[in-house]
Every structure is written in C-alpha cells, then in structure tokens.
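Enquirer: Chain by chain, the residues run as shown.
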Amino acid sequence: MLEVSNLSAGYGAATVLQDVSISVGEGKIVVVTGPNGHGKTTLLRVLSGLLPVNHGEIAFRGERLNGRSAATIVAHGLVHIPQGDLLFVDLTVEQNLFMGAYLRNAWKARRERIRRVYELFPRLEERRTQQARTLSGGERRMLGIGRGLMSNAQLLMVDEPALGLAPVLVQEVYATLARVARSEATVLLVEETLANAKDIADYVYLMDTGRIVHHGTMAEFGADVLASTYLGNKEG
Amino acid sequence: MSDMTSAAAAKAKLARTLTWSKTPVVPTIVLVIVLAFIPLVWRNDYIISLLVLMLLFSLMTQSWNLTIGMCGIWNFGQLAIIAIGGYATGLLTIKLGMSAWLALPVGVLAGGLAAVIMVLPSIRLRGIYASMLTFAFAEVVRLLIIADSSGFTGGPFGLTGVKGLFDNLSSSWSLRAYFWLTLVLCAAVMLLVHRMMNSPFGMGLVSLRESVRFSIGMGINRRVQFIMATLISGLIAGLAGGLYATFYHGITPSFMGLGPMGLMVIMVVVGGLGTVRGPIIGAFAVTILSELLRDTVMWRLVVQGALLLLVLAFWPAGIDGLLQRSFDKLRGWMNVGQGEVEGGQDVAVAAGAAPVGPGPSLSAPAGPAAQPSEAASAVVAAAEPPKPAKKSGGFKAWLNADQPKADAAKPDALKGDKKT
Amino acid sequence: METLVQALISGLVFGAIYAIMTMGLTLVYGCLRTLNMAQGAFGMVGGYAAWVITTDMGAPPIVGLFVGALAAAGIGILTHFISIKPLVGRKDIDFEMTAYISTLVVAIMFSAAIILLFGARNKAIDPLVEGRLHVFGTVTVAWQQVAVAVVAFICLGGLSLLLSRSRQGLSIMAVAQQFDAAKLMGVPAGRVYWVTMALAGLLGGIAGVLLAPLYFVSPSAGDLPILKGLTVAVVAGLGSIRGTIYAAFIIGLIEALVATYLGSLWSLPVLFALIVVFMIVRPYGLFGKPEEERL
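Protein chains in written order, with my numbering: chain A, 1 to 236; chain B, 1 to 420; chain C, 1 to 295.
Read the hints as simulated data drawn from the structure, not as lab findings. The model shown is predicted, which means the values in this text are computed figures rather than measured ones. Honestly, I wouldn't trust all of these hints.
[Unchecked claim] Label pairs and their computed distance ranges (CB to CB):
1) A/Asn54 to B/Leu310: 30 to 40 Å
2) B/Leu330 to A/Arg133: 55 to 65 Å
3) C/Leu214 to B/Ala306: 31 to 41 Å
4) C/Ala124 to B/Arg294: 25 to 35 Å
5) C/Gly157 to A/Ala109: 44 to 54 Å
6) C/Gly190 to B/Thr160: 46 to 56 Å
7) A/Arg111 to C/Arg282: 55 to 65 Å
8) C/Thr55 to B/Lys329: 55 to 65 Å
Think of the CB as a built atom: it goes at the ideal place given N, C-alpha and C, for glycine as much as any other residue.
Full structure from sequences and hints, please.
Expert: Rendered as structure tokens:
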C-alpha cells in the first residue's frame with residue numbers, strides 16, 4: 001500500500017533521514033521503532049507532507065506522493081496522527097472530530113463517520129460537547145486517533161500512541177489500534193518502546209540515526225535478536 | 001569546526017552592525033566643513049530649507065534608531081516625544097517670552113523625560129506589547145492636544161508664533177544659520193551614536209535587540225541600559241522637536257499623526273535599521289522622493305508606503321544593507337583566497353544583512369508559515385530536534401531500557417529476560 | 001439615577017460596537033498571529049463606501065451597510081495580499097513586528113488614497129434610523145443606537161455560529177489553535193488566512209458604517225477605532241474571542257461612565273491607563289493564556 005524508497009529528508013541543511021526504505025502492506029500493522037531523536041517522527045512528517053523530500057520516492061496505492069501538499073496527501077487517504085495529539089484544545093470533542101473530516105468528501109459524510117468513531121470510542125461520545133482541553137490523557141489519545149479516522153483514511157500513521165500514558169491505557173490504545181487495523185485502515189506506527197506493540201505488530205523497522213538498520217517480522221524481533229545482534233554490532 | 005565558523009560569523013556579523021571600528025571623528029569634521037560651504041555657494045533658499053528639513057529628519061530618525069535599531073523595540077511614540085520637545089520649547093517662547101536659545105534646552109530635557117516616562121511601563125513587555133503601549137501613548141497625547149479647547153496648546157491648529165533661534169538675522173542668513181547648526185548637530189549625534197554602538201554599553205544593547213523576544217528575562221543591567229538608551233534617544237528627539245518648532249515658528253498635532261509616523265517608519269526601514277548611516281540615508285532618500293512627488297501630494301504617501309512594502313518584501317535590510325552588501329562583495333573580491341575568513345564574511349553578510357531588518361533575527365516560530373518545513377520544524381521542534389548524529393550510546397540505552405518496560409507491560413511474559 | 005441609566009445604555013451600545021470592531025483584530029491575531037493595524041482603516045473605507053452608495057447615489061442606508069461591509073471585506077483581502085502574505089514563512093524577519101509595521105503603513109496608505117479620491121474633508125452620512133426612543137423619565141435612546149446594538153448582536157451571533165458549526169469557520173479556529181494539526185487535516189492555510197482577513201474586513205466595515213453617522217466619514221476615522229480596539233484586545237487577551245466580548249462591554253461601560261461623570265476628555269487618559277495597568281499586571285489579558293506568550 002505504501003512504498004517508501006531511498007528517502008532522504010531533513011530540516012533545511014540538516015539531513016535527518018538517510019536512504020530510508022519502508023513498505024506497508026494493506027491491512028497490516030507496521031511499526032517503526034528505535035530510540036527517540038533518530039528520525040521516526042521526521043519520517044512521518046515527510047510522509048504526510050509537512051517536510052519536503054530531498055531524495056527518494058513515496059508511493060501510496062500506486063500514486064506518487066513526494067512533493068505533494070499536506071492537503072493532497074490527506075485527500076489520498078494517508079493520514080498522520082501527530083505525536084502529542086495536537087488537539088484543537090478550545091474546540092469541543094465533536095468539533096475536533098468534525099475537523100478531522102475537513103476534506104469535502106469526508107465532510108459530507110461526517111455524521112455517519114462520527115457515529116462509527118463513537119462506536120469505537122464510546123467515552124468520546126459521552127464527552128462530545130466538552131472542550132478538548134478538559135479530557136484526560138487517555139481520552140485525548142482516543143480523540144486524536146478518532147480525529148484521524150474521520151477522514152477517509154486508508155493508512156493511519158500514528159506517532160507514539162503510548163506517549164505519556166499509564167500502562168493500562170497503553171494496552172487500551174493498542175487494543176483499539178488493533179481493532180482499527182482490522183476494520184478501518186492499515187496502520188503504520190511509530191513506537192519507541194517496541195514491547196508495547198509486541199502483540200499487534202506484523203512487521204517492524206528499526207531506525208537508528210535516520211537509517212533503517214534492520215527490519216523483519218515481529219517474531220524475528222525477539223528480545224535476544226536486539227540484545228545480541230545490535231548490542232554486539234554497536235559495541236565496536 | 002562548525003563552532004569556529006559560527007564564532008567567526010558571529011563576530012563578523014557584529015562588525016557589520018558597527019559600521020566603522022573607530023569613530024571617524026576627523027573625516028566627519030572634514031565632511032562637515034566641506035558641506036558647510038553649500039549654503040554659501042548655493043543661492044536657492046528653497047533648496048537650503050529643504051536641506052535643513054532633511055537634517056532635522058535625520059536627527060529624528062537617528063534618535064528613533066537608538067531604540068529600534070539598537071534595542072529592537074519599536075516605540076511608536078517617538079513622534080510624540082519629538083512633538084513634546086517642540087511644544088515645550090514653543091510654549092516657553094510664546095507664554096513666557098523666553099528666548100529660543102533658552103527654551104531649546106528645556107525642550108531637550110522635556111523630550112528625554114517624556115521618553116523615559118513612556119517607556120517605563122513597557123520594559124518588561126514583549127516587543128509587540130511594548131510597541132502597542134508606545135503607540136497608545138502617542139495617540140493619547142495627540143488626541144488630547146487636538147481636543148484641547150482651552151487654547152493653551154493651540155488645539156488642533158497648533159502653536160504659532162514660536163520664536164526662532166536666529167530671528168535677528170535676515171531670513172536668508174537665518175536659514176543658513178539653521179543649516180549650519182543642524183549640520184553640526186547631526187554630525188555630532190552621528191558620532192555619538194557610533195560611539196555608543198561601539199562601546200560595551202552599545203554592544204550590550206545590540207545583544208538585547210537580538211534577543212528582545214526574551215526581554216522578560218532581561219537582567220537588571222540591561223534594563224538600566226535600555227532606559228539610558230531611551231533617555232538619550234528622547235533627548236535627541238526633544239532637540240529635534242525644539243529645532244523644528246523654532247525653525248518653522250510653530251508646531252501642530254498633525255505632526256504626531258499616523259502620516260508623519262508612517263513617513264518616519266519608511267525612512268528608517270528603507271534607510272536601513274540598526275546602523276549608523278541608515279537613518280540618515282533614509283531621511284535624505286525619502287525627503288528627496290517626497291520632493292520629486294511634490295506636486296502630487298497625496299500620491300506621495302501611497303507611493304512611499306508602497307516603497308516600504310516592497311523594501312520589506314525584498315530588501316529588509318534597507319538601502320544601507322544594500323550598500324553594505326555591495327561594499328562587502330567588493331571587499332570579498334579583493335580578499336579572494338582568504339578561505340575561512342571569507343566564508344565567515346559571506347555567512348555574516350547573509351546573516352548580517354538580514355537580521356538588521358525589522359526586529360530580531362530569530363524567526364518567529366509563532367508566525368503562520370507557508371512552507372511545511374518551517375511550520376513543522378518550528379512548532380513541533382520539541383518532539384524531534386534535528387541532531388545530525390546521535391551516538392550509539394543512545395541506541396544502547398534504548399535497548400536496555402526496553403527490557404523493564406516489556407516486563408511491566410506484560411506481567412506474565414519473559415520475566416527472567418534481564419539484559420546480559 | 002436617570003443619568004446612570006443613560007450612561008449604562010450608552011455603555012452597552014459602545015460595548016456592542018467595540019465588540020465588532022475588535023473582533024476583527026482578535027480573529028486576525030488568533031489565526032495569523034498578526035496585530036492588524038489596518039483594522040480601523042477597514043471601518044474607515046467601509047464608511048466611505050456607504051457614503052458613496054447612500055449620499056452620492058441615493059440608495060437606502062441599509063444598502064449602505066451591506067456595500068460598506070463588502071467593500072471593507074475586499075480591503076481586508078487586499079491588505080492581506082500586500083502586507084501580510086509577503087511576510088509569511090520567512091526566516092529573515094521577525095514576523096510579528098514586521099507585519100505590525102506593514103499593516104500600519106497600509107492603513108496610512110488607505111487614508112492617503114481616500115484623501116486622493118474624496119478630499120480631506122469630513123462627510124456627513126445619514127443614520128440607519130432617525131429619531132429617539134423614549135425609555136422613561138429623561139432617559140432616551142437614539143434609534144440609531146438601538147439599531148447599532150441590534151446589528152452588532154446579530155453579527156456576533158452569526159459569527160459564533162459560523163465559527164463553531166461551519167467548515168470554514170471551524171478551520172479558522174483550527175488554524176488559530178493548532179496550525180500543524182490543521183494542515184494534517186487538509187486545511188489549506190493560505191485560504192484560511194485571506195478568508196480570515198476578509199472576515200475581519202467585514203466586521204470592521206460594519207462597525208465603521210454603524211459609527212459613521214455619529215462620527216462622520218473622514219480619512220482619519222480609523223484612528224480612534226484602532227486605538228480602542230487595541231485597548232479592548234489587550235484587556236481581553238490577544239486572540240481570545242470570548243475575552244473580546246467581555247472586554248468590549250466592560251470598556252464600553254467604563255468609557256460611558258467616565259464620559260458621563262468626568263467628562264469625555266477623560267476617556268482617553270483612562271483608556272491609556274487601562275492599557276498600562278493591564279500590560280503591567282496581566283499582559284495576556286483577561287482570557288489570554290500565559291503559555292501563549294511565546295517567549
């Protein structure tokens with residue numbers, strides 16, 4: 001569904017991503033993991049159009065997306081749910097969700113879509129007229145994901161869904177993501193703590209200093225692989 | 001390596017804003033003497049009076065430049081300060097019959113005092129709030145004078161009958177006397193400003209300008225220096241105002257209006273902010289432009305406004321910046337082969353030319369951004385600081401950190417798998 | 001007692017006008033992070049447009065209101081394109097300060113252009129409605145004042161609906177609150193910007209036309225409104241819509257009371273004192289948020 005080939009990008013003169021190649025198959029849950037500050041968020045930002053591409057190709061469902069505007073990319077169904085939620089804090093839950101359906105087609109269908117989001121997140125429906133700033137951490141995360149679902153998202157890119165949440169909530173979020181992946185959209189996750197995604201991830205990419213250094217199925221990423229292969233390699 | 005270039009660049013950048021390293025007292029005196037011959041050879045009184053006007057404007061823009069250019073605070077009350085100096089001088093000659101020579105110093109002091117009063121409340125404020133405050137101050141003063149029906153300040157019609165400095169001379173000679181006086185004063189102020197900017201005092205203030213967005217974090221020293229700079233700026237402004245009032249034998253509240261304020265803004269920006277020569281260049285350029293457009297009075301303001309918008313859009317460093325860049329390019333050609341230094345200079349030219357534009361050089365992370373990269377990098381910067389190469393230490397630490405969390409998330413799995 | 005009621009009524013009307021006048025500033029600040037110094041000029045131009053249509057061309061005053069509002073909206077868009085858009089996204093300038101100066105100069109240019117077209121003299125314009133309404137005792141209200149209040153409330157109500165329900169309105173709020181997220185939802189920032197400026201123009205124009213019968217149509221008709229608008233905005237907290245409404249009425253009432261009991265000459269110094277006090281004590285206003293200081 002999403003094919004990223006030899007992507008290089010960064011902030012102005014500083015190149016962060018170097019020769020990154022990623023592939024996300026339809027209906028799968030793919031995780032990009034690695035330490036913070038090594039380019040995972042940058043990757044998503046390039047994919048969603050917030051940052052320009054220096055080199056490389058981004059192909060989404062056959063369409064070439066590099067250099068397109070953020071709005072166009074969203075219109076194609078590639079939706080980025082940013083780190084830290086970035087909610088419209090003074091708007092209500094419902095208004096936030098509606099904003100997710102800003103694009104014209106989605107807007108027309110917004111009432112149906114919001115019903116589906118409320119099915120997934122009943123707590124959001126309870127709080128629909130509350131301002132987003134009054135929500136708890138877990139609820140904000142739900143709102144962020146729900147908002148991303150409001151457009152006709154085919155591929156959801158979620159940046160650090162576990163960020164700042166207590167373990168119980170992390171489980172809940174991941175359970176929801178699993179449900180989303182089964183019914184609504186393909187999911188590409190950025191997750192610093194791979195263990196969080198252990199149960200649901202199909203495929204994992206390991207990113208270190210802006211490069212993909214290893215990738216494989218979740219099974220291959222057992223703890224011993226990480227510990228021996230990479231600890232060993234980096235030792236020198 | 002990058003550190004060295006940036007230090008050299010920073011130093012060169014500082015050098016850019018301080019146009020000469022030594023105060024050129026002698027060349028200036030020579031220049032003054034040369035220019036002093038103008039009114040002796042030129043018969044046209046109108047041109048001379050125009051020159052006097054330009055010199056007066058130069059005094060005003062230079063005074064303003066002290067706060068904007070050096071401190072980075074756009075105090076829009078400057079015209080009100082100038083006017084207060086003018087009104088003070090004028091009122092003393094009219095109401096008390098004082099000689100203009102005695103009234104003028106009072107005007108100077110009034111300007112200084114008014115400036116400090118105006119600026120005091122805004123010391124701790126962010127640039128734009130400080131500007132709004134000074135703008136409000138100026139407007140309130142102006143509107144109060146307009147609304148004054150008691151006849152004390154002359155109301156909307158202003159003061160008339162202010163005594164001149166050289167009333168005992170014929171009008172031609174009085175004109176020329178004003179020319180010489182303002183010429184000398186203008187040059188003196190220029191030297192003073194140059195001195196100031198090159199002193200530790202001045203450099204401290206310039207650093208303030210570069211970080212004026214963090215003005216709330218100003219140390220006490222900086223605040224005192226800022227007040228002092230404002231005081232000096234006010235004194236010069238008062239001087240300019242007093243001279244203006246005595247030269248034109250009057251002053252009106254429309255002097256403080258948005259029109260003249262806009263004109264001064266244009267002069268300062270077009271000339272080049274924060275430099276010694278900029279305000280003078282601007283004053284002369286804009287006045288000449290006004291003269292050329294003299295017959296089309298109202299188009300004048302539209303054209304000048306358009307000029308400002310163009311300058312802001314394309315050459316924020318103003319004419320002086322353009323001159324500086326051409327000068328540097330020239331020097332660059334002459335210094336080919338200096339390698340690192342030249343690189344530093346080029347960086348400095350690029351960096352120096354630009355930040356001298358309105359306000360500090362720090363880009364506004366809060367401003368709306370057209371390009372995705374700027375918005376993303378500025379707004380969400382906290383999430384992913386662009387570090388070129390993170391050490392493997394980070395990677396290892398991450399690996400190791402992974403284990404306990406894994407255990408916490410999944411109580412029943414792999415408990416025994418501690419790091420080796 | 002009756003003096004007090006008269007003053008209160010005045011205050012309410014002032015408040016309504018200030019709310020409309022300042023709302024443009026608030027929207028532009030919230031969305032574009034710009035202190036739009038041309039806001040007063042929008043009203044001034046609106047007044048002239050209304051004058052042309054009514055006094056010059058004989059249309060009824062209500063048409064004048066519409067035409068004035070639309071003309072001002074157009075001026076708002078123009079202002080955006082010549083003085084704000086060229087500055088957006090640039091790294092070599094301080095956007096906030098530069099846009100402030102830029103819009104100030106544009107305001108001056110509009111004044112100059114108006115003088116060019118219409119001459120510098122004041123022009124009189126008929127109010128929407130003539131006559132006064134007798135409330136009780138010696139308390140009267142000019143019907144024009146009632147009309148002003150009614151129009152203002154309708155506008156504020158309409159604006160509120162627009163901003164909270166419509167796609168465009170929500171996108172303005174979204175861009176104001178969380179620029180990056182808005183982009184990620186496909187909101188075209190460029191369009192939101194000029195739409196906001198058009199809206200600011202519209203509101204400013206309405207305020208200008210409503211005020212014109214009271215204060216004459218003149219090239220400097222925008223001076224006092226921008227000063228008062230700034231005062232309200234500072235007290236409210238830059239960018240806060242709710243704050244703007246509260247602050248507008250508070251200041252309207254204060255001004256009416258000061259004018260009644262101390263004389264209208266005092267209202268300006270009091271205004272200034274208000275600005276000073278707020279800047280020192282609470283620079284982010286009643287409803288602004290400290291974290292928005294953006295150091």
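Enquirer: Look at the Cβ atoms of A/Arg111 and C/Arg282 and judge whether their distance stays inside 55 to 65 Å.
Expert: Check failed, 42 Å falls outside 55 to 65 Å.
Enquirer: Between the beta carbons of A/Asn54 and B/Leu310, is the distance compatible with 30 to 40 Å?
Expert: 33 Å, holds
Enquirer: That 55 to 65 Å hint for B/Leu330 and A/Arg133 (C-beta), does it hold up?
Expert: 57 Å, holds
Enquirer: Starting from the hint 31 to 41 Å, judge whether the C-beta atoms of C/Leu214 and B/Ala306 obey it.
Expert: Between C/Leu214 and B/Ala306, where Cβ atoms are some 33 Å apart, the hint holds.
Enquirer: Does the Cβ pair C/Ala124, B/Arg294 satisfy 25 to 35 Å?
Expert: 32 Å, holds
Enquirer: For the range 55 to 65 Å, tell me whether the beta carbons of C/Thr55 and B/Lys329 fit it or not.
Expert: For C/Thr55 and B/Lys329 the Cβ distance comes to about 58 Å; the hint holds.
Enquirer: Do C/Gly157 and A/Ala109 keep their Cβ atoms within the hinted range of 44 to 54 Å?
Expert: Since C/Gly157 and A/Ala109 have Cβ atoms about 29 Å apart, the given range 44 to 54 Å is violated.
Enquirer: Using the Cβ atoms, figure out if C/Gly190 sits within 46 to 56 Å of B/Thr160.
Expert: 52 Å, holds
Checked against the numbered hints given earlier, this structure breaks hints 5, 7; the rest are met.
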